[in-house]
Amino acid sequence: MPPLLEHLWVIPALPLVAAALAAVTPRRGRRFAAGAAIAAMLGALAVSGWALCLALADPAAHRVANFTWFALGEGAVRLGWLLDPLTALMAVMVSLVSLLIFVFSLGYMAEDGNFTRFFCFLSLFAAAMLGVIVANSLLLLFICWELVGVASYLLIGFWFHRPAAAAAAKKAFLVTRIGDLGLLLGLVWLYDATGSLLLYDGGHGVLEAGVLAGLATPGVAGGLAASTAIGLLIFCGAAGKSGQFPLHVWLPDAMEGPTPVSALIHAATMVAAGVFLIARIYPLMAADQALAGVPFHALTVVAGIGAITALLGAMIASAQHDLKRILAYSTISQLGYMMLALGVGSWVAAIFHLLTHAFFKALLFLGAGSVIHAAHHEQDIRRLGGLRGPLRTTFATFAVGMMALSGVPFFFSGFWSKEAIVRAASEWSVSSLPLCAALAGVALTAFYMTRLMCEVFGGAARSPDAAHARESPPSMTGPLIGLAAGAIALGFLGTPAWPWLQSRLTGTRIAPRSLLEGGGLMALSILLVAAGLAAGWALYGRRPRTTAAAPDPLAAAAPRLYAFLGARMKFDELYAATVGRLHAFAARLADFLDSRVWDASVRMLARLGERTGAANSAADSAGLNAGFDAGSARIRGVGRAYSRAQTGEAHGYLRVLAVGFVVLALLALLGGGR
Amino acid sequence: MSSLQLCLGFSSVLFAVGLAGALGRSNSIIVLLGLELMLNAANLNFIAFWRFGPAPAAGTGVLFVIFAIAVTAAETAVGLALVIAIYRHQHNIRLAEAVRLKG
Amino acid sequence: MNAALIAIALFTVGTAVAALSRRNLLHSVLLLAGSWTGVAAFFLWAGAEFAAFAQVLIYVGAISMVVLFAVLLTRRSRDDLAPEPAARGRAFYAILTGTAVAAVLLVTVGRTAFPPGPALPPVLTVGQIGDQLMGPQAAALLVVGVLLTVAILGAVVLAARDGPAEPGDRR
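Quick note, the sequences are listed as chains U, P and S, same order. Residue 851 in this note's numbering is what sits at position 335 of the first sequence, and the numbering runs on without skipping anything. Residue 1193 in this note's numbering is what sits at position 83 of the second sequence, and the numbering runs on without skipping anything. Residue 1084 in this note's numbering is what sits at position 22 of the third sequence, and the numbering runs on without skipping anything.
Be careful, since some hints might not be right.
Output of the computed footprint for chain P on chain S, the stretches with three or more beta carbons under 8 Å from beta carbons of chain P [what the hints assert, rightly or not]:
1. 1087 to 1095
2. 1103 to 1113
3. 1126 to 1133
Everything labelled a hint here was simulated from the structure, so no lab data went into it. Every residue gets a Cβ at the ideal spot worked out from N, C-alpha and C, and that includes glycine.
Can you make the complete structure from the sequences, with help from the hints?
Rendered as structure tokens:
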């Protein structure tokens, strides 16, 4: 076993140590905290790179290093580390993107007083995320999963004195918690069914053929297979973390956190964790594909949810006017694409898109951060504008990101990864609805990104903040350039002509295909992209908005639809009216029970005790004491009465004696005594 | 009427006289003297039974009378000492006035 | 035999009644001494000579003297001897009580059928009394001795003057 395999835990451990150091650093120690975090991330990146080399040497193998954590009766709780191409690629991506965002934060958070705390939480998050990636045990993965959630909560609510931020952090935590409940149930079921939570364990792991065969038999309620049910439960957790419908409501609100946080957590890494999890347990999810008589397969549900989310996110993004919110809904939409890819049978396409999306979405968020920083924290796109001139580097890199996201063909990574998804969707035999949703989403994505670009960078400045914008410092623009390079370069790793990524991920040799094969689909998607770009340009670019208060052209065209989309399809209102009210009712009921029933009964018991005591005391004083007193008084009275006989007169005594004697004698005589 | 009954009648009358005297007079010394008479009557009883009763040869009756006389003497002495002590407090010997032991 | 007895009885009871009804204490004491003599005579008639001697010696001899001493030590003026208003009632009830007691006792005596006793008085020598006192009744003798000692001491203590002289006491 190569030494790195046993020490794979170093990758998450380095940022964890940096987090611990930053936690005890005083506020003045900014350089130390930031330096520790960045150094740890560099170290993690280096080790991840080394792991990648190791993994690519033998791409088909899942190398594990398992150990026993503690013994529990007859069984033992075992954990372990896993090294395969998926792990290594994800680790490299996460550490690289985190590193760039850490550097960006040096400039972005320079004026914030809680600089050290920020880097502490960032390092903690990075450590937890890397832990999720390298874990071979679902238990370890779950622990790190929850840690990721905690770090997300801490970072979203970083400016906790703002009520909106605190509420957003709480919402994120609670909504992902709902998903995590499903995840936990799935894990428990899995452990009960198989007796292990290790993924690969020399034949006994839950992703290995023998165990899966046992799980894939229909037997659960409704005719489902155990693997289907378990897979869907685990998918609940993934849906929560990755902002799938219907648990997507937390992601837009999470934009209350600082922009680097939005870039790191809600674009590149944490939201990708759900996709990564499903990709990781793909054998389990796909185990029921061969079964015939089941009502539905697990992956069908995943595909459906993914398709809905992709379309939903794109539609709502078209009607938002907050810069970061547009990007948030865009993220939701792209995550939907990834889930769609997983569902239709190509986890490789999903991971490919995840990797490219990490780069260009992080780029877009950091670019937005740069814009916001330059425009003195103005986030409303209606009040921005004309920033192309002052913010050249930001504009250029943002444009790269936008084109990658929209899927501008050939040159940008987003095109190739989206192509892979669309191709996989077209090859799905169950239904073509995901394909339609994907294609519609392609057009909409191009449309709203064009809208964003035109509103923010085009036209003239529509507010004093926009007018006085100046380019950001190099510590902020540097990472933008780095990410832009990645957004371009990564695409070439997965083209059909050179399926390097696909073959490395699956460990099988995939034959390269000509670009023209299946070209009809590619041409269709290119057309849709062009259509979306043209529509966006036509509405927003040709005649740019002149004032902030001017109505949106879409609003004029379809006012009711625009208002509905602008209100985010009223999901929050729906949840508040149903789940929120139910919860409030339950809380009120519990409070009522507690204060009126339990508390009252406790109080009644106390009062009973009190009354018993008082009654006891009263009985004691009235009954016993009074009885005793009365008895004593009577004795005293009798004594006093008797003492009246003690006249002190000798004559009296003598007389009594004599008379008594006479009476007794008479009695004796008359009674017949002798 | 046998001799014994006469003797006993005699002692009864003497006893009654002693009692009446003790009850009727207020002078402490007279009361004590009445007490003496009653005790004497009791002695008379003893001798009468000794003389006329069964087994007179055993001198129990006489012995008892001797002891009784001795005890009575002691009691009289103490009683008179008490009278003197009372006299010191009340300056007379009216028994009706000596009621300080009244309960 | 009975005549002597009746004579002795009448004498004794008569002097007793007289003794207890006199106003003058000295007269009472002397008359009572006579009564005690009558009792001694009865002892003689019954054949208990030793008891008779003891009676005379102790009662007539010692106790009369003691009573006389007491009388003389507790004399007051002549008002003391005046009868008080309550005396009449008390005397009436006393005589009533005495009569009742006498009646009860006499009735009892009369109704009882005693077995006839010996005709001659029994012989009891001093020697026999002495044997009894030193023998079976030795314990009683000792106790009586102690009793007498204690009584004397007690009487002395009681009658002795305690504390400073009270006004009115003649020194």
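- Task: Please write out, lowest number first, the hints stated earlier that are contradicted by the structure.
- Result: Failing hints: none at all.
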